[in-house]
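**Student:** Chain by chain, the residues run as shown.
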Amino acid sequence: GAVVSQHPSRVICKSGTSVKIECRSLDFQATTMFWYRQFPKQSLMLMATSNEGSKATYEQGVEKDKFLINHASLTLSTLTVTSAHPEDSSFYICSLTSGGNNEQFFGPGTRLTVL
Amino acid sequence: QKEVEQNSGPLSVPEGAIASLNCTYSDRVSQSFFWYRQYSGKSPELIMSIYSNGDKEDGRFTAQLNKASQYVSLLIRDSQPSDSATYLCAVSDNYGQNFVFGPGTRLSVLP
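Chains A and H, in that order, give the protein sequences.
Throughout the first sequence, residue numbering follows our numbering, covering 4 to 118 in sequence.
Throughout the second sequence, residue numbering follows our numbering, covering 86 to 196 in sequence.
If a hint is listed, it holds; no wrong ones were tucked in.
Covered stretches of chain H (chain A as the covering partner; in silico rule of three or more C-beta atoms under 8 Å from a C-beta of chain A):
(1) 130-139
(2) 171-178
(3) 182-191
Here are the in silico distance ranges between beta carbons for each label pair:
(4) H/N107 to A/L118: 35 to 45 Å
(5) A/Q63 to H/E90: 16 to 26 Å
(6) H/S137 to A/P11: 36 to 46 Å
(7) H/V114 to A/K58: 25 to 35 Å
(8) H/Y180 to A/K17: 37 to 47 Å
(9) A/T60 to H/L195: 38 to 48 Å
The set of hints was computed from the structure by calculation and includes no laboratory data.
Virtual Cβ for every residue (Gly too), placed ideally from N, Cα, C.
Construct the complete structure from the given sequences, taking the supplied hints into account.
**Tutor:** In structure tokens form, the structure reads like this:
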């Protein structure tokens, strides 16, 4: 399967600051990447689909102006949480599909804590 | 709205037993089915994928699919304490779109 990295793995920030999370595909050129959020003891929630060279597609209820996604190359997608607040504290995970069998492979995740 | 349902658990089994995890889905056009394992504090890891009716075996894991009943299951033979995790069922259409995860079943294998 595809190898996906995320940086940083953990970030603590003050309320009102912006945080950028990077998702890299290390061995595959991904035209599409996915961003998920997971609150404690809950399942994954798809936030948006990141498309290389075009605008991301956001799921209903996800504010595109708050969660900025840039997919500028086939190996890098970034998620910026703007003006973060404590309720944005969560586990953010990216993924991509590789090959023709529709399997999704996940990055290791980024744990965001907003004080 | 597409839905994937799983018992939240926890499902507790003794070490060495067979753990049986079940999943139902609502969208009949779903064509691809996946089982992911997620340890606490970690991201999901793909353990099995299945695309046609019947059984698919990989080591101690067997996935079973019944499209007519809209049902997919995962059997774990000779369960080990290291299998203790949350198991997520996921489905998608034939193009890898509309990927939907279930809420997960927490499995606890007791030594």
